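For the sequence shown, the positions run 1 to 315 when the working numbering is used.
Source of the hints: derived by calculation from the structure; they are not laboratory data.
Keep in mind it's a predicted model, so treat the numbers as computed, not measured.
Built from N, CA and C at the ideal position, the CB exists for glycine as well.
A portion of the hints provided could be inaccurate.
Stated by the list, open to error - Quick list of simulated restraints, FRET-style, between CB atoms:
| # | residue 1 | residue 2 | range |
| --- | --- | --- | --- |
| 1 | Gly106 | Ser43 | 44 to 50 Å |
| 2 | Pro156 | Ser50 | 20 to 26 Å |
| 3 | Pro114 | Ser262 | 20 to 26 Å |
| 4 | Arg222 | Arg115 | 53 to 59 Å |
Said to hold, decoys possible - Mimicking DMTMM-like on lysine to aspartate or glutamate, the simulated pairs with C-alpha atoms at most 25 Å apart in a straight line are:
| # | residue 1 | residue 2 |
| --- | --- | --- |
| 5 | Lys213 | Glu121 |
| 6 | Lys53 | Glu30 |
| 7 | Lys269 | Glu243 |
| 8 | Lys53 | Asp81 |
| 9 | Lys53 | Asp11 |
| 10 | Lys213 | Glu238 |
| 11 | Lys53 | Asp113 |
| 12 | Lys213 | Asp174 |
| 13 | Lys53 | Asp245 |
| 14 | Lys213 | Glu243 |
| 15 | Lys269 | Asp223 |
| 16 | Lys53 | Glu121 |
| 17 | Lys53 | Glu196 |
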Amino acid sequence: MDIPAFILSSDSARLGRDTRALSRRAAAGELRRIRRGVYVQSSDWDRLPSWAKYPVLVQAAASTLHSRTVFCRKSSAALWDLPVLGRPQLVHACTTDEGGGRSGAGVVRHYVDPRSLEIEERRGLLVTSRLRTVLDLAAFEAFEQATAALDHVLRPQQGLPAFSRTELHAGIRDNYSAAAARRIRTAIDFADPASESPGESVSRALMHRLGFKPATLQAEVRDAHGRVGFTDFEWRDERLCGEFDGLVKYQKPEYLQGRTPSQVVIDEKLREDRIRATGRRVIRWTCTEISGPARFEAFLTAERVPRLIRPACRP
Numbered sequence: 001m002d003i004p005a006f007i008l009s010s011d012s013a014r015l016g017r018d019t020r021a022l023s024r025r026a027a028a029g030e031l032r033r034i035r036r037g038v039y040v041q042s043s044d045w046d047r048l049p050s051w052a053k054y055p056v057l058v059q060a061a062a063s064t065l066h067s068r069t070v071f072c073r074k075s076s077a078a079l080w081d082l083p084v085l086g087r088p089q090l091v092h093a094c095t096t097d098e099g100g101g102r103s104g105a106g107v108v109r110h111y112v113d114p115r116s117l118e119i120e121e122r123r124g125l126l127v128t129s130r131l132r133t134v135l136d137l138a139a140f141e142a143f144e145q146a147t148a149a150l151d152h153v154l155r156p157q158q159g160l161p162a163f164s165r166t167e168l169h170a171g172i173r174d175n176y177s178a179a180a181a182r183r184i185r186t187a188i189d190f191a192d193p194a195s196e197s198p199g200e201s202v203s204r205a206l207m208h209r210l211g212f213k214p215a216t217l218q219a220e221v222r223d224a225h226g227r228v229g230f231t232d233f234e235w236r237d238e239r240l241c242g243e244f245d246g247l248v249k250y251q252k253p254e255y256l257q258g259r260t261p262s263q264v265v266i267d268e269k270l271r272e273d274r275i276r277a278t279g280r281r282v283i284r285w286t287c288t289e290i291s292g293p294a295r296f297e298a299f300l301t302a303e304r305v306p307r308l309i310r311p312a313c314r315p
């Protein structure tokens, strides 16, 4: 996806122009200030889907940083096309200064031992390696974010090979504290490449934390005429199917598969009708329901999703 052209206030100042003109254009709605000193055309920004905006923020930060910067954690994840949950505003970068380095202007710096720092280039920027990035997410971010990233890298993605669990475990080495290493191992062992979208991964992680019965992922459903299709979640004994309905299904080419969004809606409706005709109950949820544990728990309880006798551990 094309990055909007950046308009830098520093360029205006260097050319002797009034930098306040950019603020006035932003106030009028012509420009959008996406971080301090960086503007884009509002129309270009508004055309970006929500999942494409954070990588642009990272690129914008890079355009204003003069020192050699290595991006890490969620910022590196965005550049590696790993799932990044929510709408982060802070940019994350590495420092080898044991004091934590200097953070500011929307950039947070995290200490990394230079002996363990593996640097690669991605989209013209320096980032931590793909392996280090996903392990950092598992170590320092919420369990849901860790699950989404690990599920993702267990599958080949856009020409990038899948990681094996052995490779992921080996990457921990001596790079993390004992507590962080435990969090990473727990997340690796829970990860499942059968989750086909970040929303499915987050749903599964929340179900686990909340003590709901594990579902079969991508379960095949058949009727008298043959295969109906696959459902995201199935609780077979309860004849219950669950579907996460995310916007990416109607936006990203890999999900559209040459269809228009309206065709996807029709195909989903026909598939669900055939599943229901087999005697199964089908429930659907969206990003709204998985926006927090309490909300998702209330939804699953109301829909009579089975629970474990003993709640699962809460990572």
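task: Please work out if lysine 53 and glutamate 121 have their alpha carbons no farther apart than 25 Å.
output: holds, 20 Å
query: Given the proposed pairing of lysine 269 with aspartate 223, does the C-alpha separation stay at or below 25 Å?
result: Given pair lysine 269, aspartate 223 holds - Cα atoms ~16 Å apart, limit 25 Å.
message: Need the status of pair lysine 53, aspartate 81: alpha-carbon distance at most 25 Å?
response: holds, 12 Å
- prompt: Does glutamate 196 lie within 25 Å of lysine 53 when you go C-alpha to C-alpha?
  reply: Holds, at roughly 22 Å.
message: Hinted pair, alpha-carbon criterion (25 Å max): lysine 269, glutamate 243. Please report holds or violated.
response: holds, 12 Å
task: For the pair supplied as a hint, lysine 53 and aspartate 11, confirm whether the alpha-carbon distance does not exceed 25 Å.
output: Given that 25 Å is the threshold and the Cα spacing comes to 23 Å, the pair holds.
field: Given hint aspartate 245 paired with lysine 53 - CA-CA distance at most 25 Å
entry: The hint holds at about 21 Å.
- prompt: Does the Cβ distance between arginine 222 and arginine 115 fall inside 53 to 59 Å?
  reply: Roughly 54 Å apart at Cβ, these two residues keep to the hinted range, so it holds.
- prompt: Does the Cβ pair glycine 106, serine 43 satisfy 44 to 50 Å?
  reply: Violated, at about 24 Å.
- prompt: Going straight from one Cα to the other, do lysine 53 and glutamate 30 come out at no more than 25 Å?
  reply: holds, 18 Å
task: Sort out whether glutamate 238 lies within 25 Å of lysine 213, counting only the CA atoms.
output: holds, 11 Å
query: Is it true that the CA of lysine 213 sits at most 25 Å from the CA of aspartate 174?
result: Not satisfied, since the Cα-Cα distance of roughly 35 Å exceeds 25 Å.
Going down the numbered hints, you'll see the structure goes against 1, 3, 5, 11, 12, while the others check out.
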